[in-house]
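Residue numbers (my numbering), protein chains in the order written: chain A, 85 to 469; chain B, 2 to 358.
I should point out that these hints are in silico values taken from the structure, not numbers from a laboratory. Ideal Cβ positions, reconstructed from N, Cα and C, are used throughout, including at glycine.
Among chain B residues calculated to face chain A with C-beta under 7 Å, some are:
| # | residue |
| --- | --- |
| 1 | Ala72 |
| 2 | Leu75 |
| 3 | Ala94 |
| 4 | Arg124 |
| 5 | Phe125 |
Here are a few chain A residues that sit away from chain B, every Cβ distance over 12 Å (derived from the structure):
| # | residue |
| --- | --- |
| 6 | Leu283 |
| 7 | Gly291 |
| 8 | Val346 |
| 9 | Ser351 |
Listed here are the chains, written in short residue letters.
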Amino acid sequence: MAMDTKPQESAVRPEGRLGWGTALGNVIQMELRQRLRTRSWYVMLAVWFVVIGLVTWGSVASYNTLAGDDLFFGPGRFVFEAVVGFVLFFGLLVAPAMSASTVSGDRAGGTLAIVQVTLATPGQLLTGKWLASWIAALGFLVAALPYIVLAVVLGGLDVPGLVVFVLMVAVELGVICALGTAVSAIVTRTLFAVVATYLLVALFSLGTLIGFALTAPLTMTTVPANQAVYPDEQPLVDEETEYDAAQWEPLRCTGPMVPQEVLDTRSTYWMLAANPFVVVADAVPHPEKPPYDPDDPDTWAPDGIMTSISTGVRYLQQPPEANVECAHGQLIDDDDDLPEEDSQDTPVWPLGLGIQIAVAAALFAWGRQRLVAPAARLPRGTRVA
Amino acid sequence: MTTATRTDDSGEPPVPAAPDPVPGITVDSVARSFGSVRALQGVDLTAPAGAITALVGPNGSGKTTLMLVLASLLKPDAGSVMIAGADPVVHPAVVRRNTGWMPDTLGVWESLTAREILATMGRFYGMDRDRVRSRAAELLEWQELSTVADQPARVLSRGQQQRLSLARAILHDPQVLLLDEPASGLDPGSRIRLRDDLKQMAAAGKTILVSSHVLSELDEMADLAVFIQAGATVRVEDLSQEGAAGGRYLITALEAGALHAALEHYSIAYRTEGKRRDSVSVEVDSASEAADMLATLVGAGVRVLSFTPGTSRLEAAYLELDRRRPAEGPASFSGPDAGRAGTAPRPGPRPAGRGTE
Chain A
85 MAMDTKPQES AVRPEGRLGW GTALGNVIQM ELRQRLRTRS WYVMLAVWFV
135 VIGLVTWGSV ASYNTLAGDD LFFGPGRFVF EAVVGFVLFF GLLVAPAMSA
185 STVSGDRAGG TLAIVQVTLA TPGQLLTGKW LASWIAALGF LVAALPYIVL
235 AVVLGGLDVP GLVVFVLMVA VELGVICALG TAVSAIVTRT LFAVVATYLL
285 VALFSLGTLI GFALTAPLTM TTVPANQAVY PDEQPLVDEE TEYDAAQWEP
335 LRCTGPMVPQ EVLDTRSTYW MLAANPFVVV ADAVPHPEKP PYDPDDPDTW
385 APDGIMTSIS TGVRYLQQPP EANVECAHGQ LIDDDDDLPE EDSQDTPVWP
435 LGLGIQIAVA AALFAWGRQR LVAPAARLPR GTRVA
Chain B
2 MTTATRTDDS GEPPVPAAPD PVPGITVDSV ARSFGSVRAL QGVDLTAPAG
52 AITALVGPNG SGKTTLMLVL ASLLKPDAGS VMIAGADPVV HPAVVRRNTG
102 WMPDTLGVWE SLTAREILAT MGRFYGMDRD RVRSRAAELL EWQELSTVAD
152 QPARVLSRGQ QQRLSLARAI LHDPQVLLLD EPASGLDPGS RIRLRDDLKQ
202 MAAAGKTILV SSHVLSELDE MADLAVFIQA GATVRVEDLS QEGAAGGRYL
252 ITALEAGALH AALEHYSIAY RTEGKRRDSV SVEVDSASEA ADMLATLVGA
302 GVRVLSFTPG TSRLEAAYLE LDRRRPAEGP ASFSGPDAGR AGTAPRPGPR
352 PAGRGTE
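Just chain A, with the same shape it has in the complex:
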């Protein structure tokens, strides 16, 4: 065989490192090739497709049963938010499986060290593996798209909501995959890496709730307040006069100031904000609620799961005064530019996503450090190769 065996100029950069494009492309291609050749990915995808289908069917059916014949508008928002919630829930379960064995598996198989002695840097290797696991996880989101679109179509819902939702779930999957990839580089054993990633997911989705609930009593504070005076007579409900909520509100505040105990959740609501469900729910725009009865603008449809979550967490941003009548002897005046109105509109998802990204980035940096060779320290009981 005639061959040219002379060394030729290569794509190595002058400083001896690989370009990021080449390195990332190579890692991603290698990872995806291996994933696409394993049967488990397709099995999981099929199971996922069936399960999300069942959830969609179930939520449509249960809405129809509950609403009976009084169906003035489609089950759109309700079904949409239920499907959305489940897609995110199952996505949180799938993403660790996609990511948490990526580095530790190579380490166990003896292939990690072989890549480490090439010109690819630890950062390139870890980033490439993260992106590959993210792409694999996004496959699940794509498989769920028919149901999401179906839910949107059923209720004639807004397209921006759909787009934002899909984007935010994709981002959340990326965050979880980053956690999983980083953990798999930090932890030596594959099984432990998968378990640790699931625990991190649980920390974000359940731990945030538990943390918030446990710390809530610690935020107890007192607000000076006095007595509210209500109208002497309740206004008659007249069919002809328009309903006026203002008629039910207190007229003025009177009497001595008494300390009132109230929770100040402004210092702890960030925990809930870091919850993936809160991040997604809060980012999805909430259009004006359609009236429950098209003929009566004062009726409204029940909130979906995601809308309720978002409203609830935003409410926790309010100062404690908002929950106490006649705090500081003043009525809460809707006309004034009081914090209540502001906080209802302040989104919490940027904070939550920021916390998640900060944690993922810190773990990622730690994981990268674990891949640096020549290694000065090795975890106990491990061999490099």
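Model the placement of chain B on the given structure of chain A, informed by the hints.
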């Protein structure tokens, strides 16, 4: 599969001479500990370019640890390493470009094909797509893996995976080759091929460091042997000089009686060897003494069938080291295999975590 046909087919191995020769490997009192285990405690080694250097030592003596330090995977606690003119701690990228490492574990991406593995690794070394493709095809041909090149690596036999591992190690045409137990699991034919391949690469100017348990095999190809024990260099043997080959020689004659009589006549101490008792072994001090003895025996009318060194020089040196070990070895050493090294050296499965069959 014989060496002759293969060599005729391929002509020269696809490893060209280095454009500008660079120094080989220099290791100066390198130490490395893992927690309380002192894996290396003062290894000195010089592996010149254009030669095969054997790294010999019992299990747990630190051979693999030293290989990992040289492959720029482990940072030494003390001492210095220079590979192809660069320090792996300071300039790992330079070292990696010039070094091919074949680990003792078979790192194979099971679902990728042999061709894909080579192509991927080549691109990790910065080779462009076309160059990688032709180089991979050429190496697969060279290692006779072409027929299985497009099947998942998991279906390859151990020997084929081993050959793929070697092809991967020399993919980027490194100046220095670090081979950790390259022959383990190979059948005799593949071992002979490997030996010839390495010899050809050394002749082309590469620096080759090989660790192995199969001493007879190292004996046939190594120019230099470095013995390490308990993480320290204990002996360096130059195998390229034939002159001083003393030791025990095995003599076989057609008639055992005539041989015994001749040896007794010249007052040469001997002991009978072999099952049929037609062989004897004698101790000589040098190669010339052995040659003289052969001439004497033939002159005396003994019909000598064979006259061969009973043990290889490497084996002799290893056994001599082993005999001295209890007295000379550090008393504190308590590696997992410390007690096992006293018996005859033979290739065998390494203790933990190895994928040997």
